[in-house]
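**Q** Working from the sequences, and respecting the hints, build out all of it.
Just so you know, the sequences run in chain order Z and X. Everything in the first sequence is counted per my numbering, starting at 343 for the first residue and increasing by one. Everything in the second sequence is counted per my numbering, starting at 5 for the first residue and increasing by one.
Please note: incorrect hints may appear among the correct ones.
As the list claims (entries may be wrong) - With a straight-line Cα cutoff of 16 Å, these simulated EDC-like cross-link-like pairs (lysine to aspartate or glutamate) come out:
#, chain 1, residue 1, chain 2, residue 2
1, Z, Lys462, Z, Glu445
2, Z, Lys485, Z, Glu513
3, Z, Lys462, Z, Asp447
4, X, Lys107, Z, Glu513
5, X, Lys275, Z, Glu519
6, X, Lys107, Z, Asp504
7, Z, Lys514, Z, Asp504
8, Z, Lys521, X, Asp112
9, Z, Lys514, Z, Glu547
10, Z, Lys485, Z, Glu519
11, X, Lys391, X, Glu380
Stated by the list, open to error - Here are the simulated distance ranges between beta carbons:
#, chain 1, residue 1, chain 2, residue 2, range
12, X, Lys391, Z, Ala515, 52 to 58 Å
13, Z, Arg687, X, Arg111, 25 to 31 Å
14, Z, Tyr688, X, Glu356, 55 to 61 Å
15, X, Leu121, Z, Ala515, 28 to 34 Å
16, Z, Asn520, X, Ile95, 35 to 41 Å
17, Z, Arg403, X, Ala360, 50 to 56 Å
18, X, Leu361, Z, Arg687, 43 to 49 Å
19, X, Lys275, Z, Arg403, 24 to 30 Å
If you're looking for bench data, these hints aren't it; they were derived computationally from the structure. For every residue, glycine included, the Cβ atom is placed at its ideal position computed from N, Cα and C.
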Amino acid sequence: MEQFAESRYVRPGGPNEQGRGRSVSLPANICPTDGAMGYRAHMSRLGDAGTAIIVHELRKRYGNHQAVDGVSFTVAEGEFFGILGPNGAGKTTTLEIIEGLREPDSGSVWLLGHRPWPRKKHLLRRIGVQLQASSFFERLTVKEQLETVASLYGVGRGTAADMLELVGLTEKADTRENKLSGGQRQRLSIACALAHDPDIVFLDEPTAALDPQARRNLWDVLRAIRERGKTIVYTTHHLDEAEELCDRVAIMDHGQILAMAPPADLVRGLAAPTRVLVPAGAVPLERVRSVPGVDEVAEEAGTLTVSTRTPAPVLATLAQQGALDGLQVRSATLEDVFLHLTGRRYRA
Amino acid sequence: MSAPRRDRRRDGPPEYVWVPSPLVHAASDQPTVRMRHPAASSTSNGVVPDGVRSLEPPEAPPPSTTDLSSRIQQRTPPPEAEEQPDNGAWINSFRSLSAAMAKGFARDKVGVFFTFLFPLMFLVVFGLLFRDDSATKTRIAVVGDGPVVAALQRAGAVDLERMGSATEAVAKVQRGDVPAALVVNGNAVQLRFAASNQTEATTVQGLVGGVVDKVNLASSGRPPAVKLDSRQVEDSSLKAIQFITPGTLSLAVSSSAILGATLTLVSWRRKQVLRRLRLAPVSVATVLTSRLLLSIGIAVVQAALFIGVASAPVFGLRLSGQWYLALPMLVVGTLAFFSIGMLIGSFAKTEESAGALANLLVLTMGFLSGTFFPIEKAPEWLQTVSKLLPLRYLVDGLLGVMVRGQGVEALTVPVVALLLFAIVVALIASQLFVWDDA
Ligand SMILES: Nc1ncnc2c1ncn2[C@@H]1O[C@H](COP(=O)(O)OP(=O)(O)OP(=O)(O)O)[C@@H](O)[C@H]1O
Ligand SMILES: [Mg+2]
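**A** What follows is the structure, given as structure tokens:
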């Protein structure tokens, strides 16, 4: 709970009030898919931070396509919130409405207690945004880009240099914007979003074009930001990453939130069987099938896959049979939840 | 001081009110915003608890003392300005945006060429074309020499073309190449002229007659009975380069101011740079004025280039006394044309359509406003039409102070007209302004 004492937006009444239950009791319609397990359990875990973002019944239509269709959620200060969903689910549109770049057709957004639409300069100082499509000043170098953006927030050159180091672009400082690789552009864009030390950071697929090294470095950066009590809202298609980073995720499709909870809760809620994989032939099929609690046994491409919700007896049997070589145990992941909820069909 | 309350009907979930509340953190004294259920709070009826500060403006966050990530921690939080203008921050944004735009402009080789060298070509081409067209000077053929020829040359009213023989000179008149031929043979001065060109022939006769009388009088040694004091007065019959320079300069300045504003807006909108700026605490006015500053700079450089080239001996531009008054005129002109560019940039969707529209406008104005010829020589209707175009006023102002030897008084009408124009057009443009068209 320590990090939240550092948060600038903590509840009234002083630190002695921390740990008491939240005085805000959210009605169910604010987070429709949050069961008792989801939001409240999550909030008590987070402690008593304030509310950074409230999104209520947001709707946005483009022509005759309903891009966002009644989205509601709340993000606590200091929370790392992920929005997941297939292409075209409405993630970017939702983020842009929250950032104040678009006006919703209906519904409302509160960002640090203010409405982001119409544009409010004092609010803009406190949010940092990395857009899905990065945009830079023409013909300026990496360093100049960052210094220009930083100075708009009254941030000095020293910080700009620090930010370059933070995203590993120091070597590219004097390269023009049009000579950067996709991942480098993305890193520059992230640096621009973070330079003024915003209270809320919005990142739209920040790791999309990054190599594994840059991705992990960015994770460290994001974790450090979060440690300082900042709020992060981000979208990603890397579900392993979301599982690792996010306090809570919302899974979206067709403009609606299908599920919203901490990743572990979602995975547990799926109650998917654990799969135990051994090389085919290591153990007789019939022997495994007779183990109590085994749901399914399948042999495919030289691998025997045993699905079970009680892996202990299965593992015991395999150990008995001396079939532990090359054994893999796979439990359900956020990806399973995602696919379970959104199906496997391609999105337009 | 009252708690900001939301209008329940308009503002969404009615269950909540936002109340400002004091901070926990001892070191900071900064207002904060909490959400409370009205049932749990007395503030639902507008009563503000003690110690509650106003919701807006929040003050600057205290420098972070957290040491969780040394690299991030080095960063100092920016000074937080509020809606009320913060001059320091404004200047900062203005300066860095201007620098960014200037660098972006200077690094675009093609853009620089079209801004500076291309319009200069108009000056060079027209300057060379009309170099010998010394507006009122007539050219006559001359054979022989003597005091009369010398006096004619000194008077400078006609250009003399030396010929070898009288027959040759007369043949030239017959062909219509020159209106008259002067054959000097000792004390006999013969003038042969073509009847087809009565006006010029009469002028030449008068001129030569005058010179001959003067020479006769001088040789008699008597003082002249009547003394004529004649002095040149600047009039519309300027040497070509004198009006081509302010004219083509006006064209160059208007073209680059319009295109600069238009293309910046359109391409920044398309490349989402405006979107990026929209997310920063910077006002539209700051963005536009920083581009305006660049346009003014460009206009000044253009003026220096034009004057420099036109002053070369080939062209022979002569600036009149208060030519430096061209500077304020150029600034006001840039303002007016920049506002036109803003207007086009507010509704044009692509760089191509914006550029085409801007060029069409500039060329039309150019032909109708006397940039290539003295407007006084144009037909009446054109002069009337030109008074509706901003370019006419820039040309007039520049002509007045650069070559006609006029002073501030020549700028009053152009400056007032262009400023009014700029204000009206900029107001319309600001109403149409959009950050992005997505
Ligand atoms: N400016 C726009 N005009 C019209 N339709 C749009 C616009 N922006 C988005 N859409 C449509 O709205 C839907 C949601 O788009 P959005 O960008 O929010 O999806 P997303 O979840 O961010 O997808 P991705 O994962 O591909 O980034 C899509 O079907 C898209 O075609
Ligand atoms: Mg998107």
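**Q** Would you list, in rising numerical order, the hints stated earlier that this structure does not obey?
**A** Hints 3, 4, 6, 9, 13, 14, 16, 17 not satisfied by this model.
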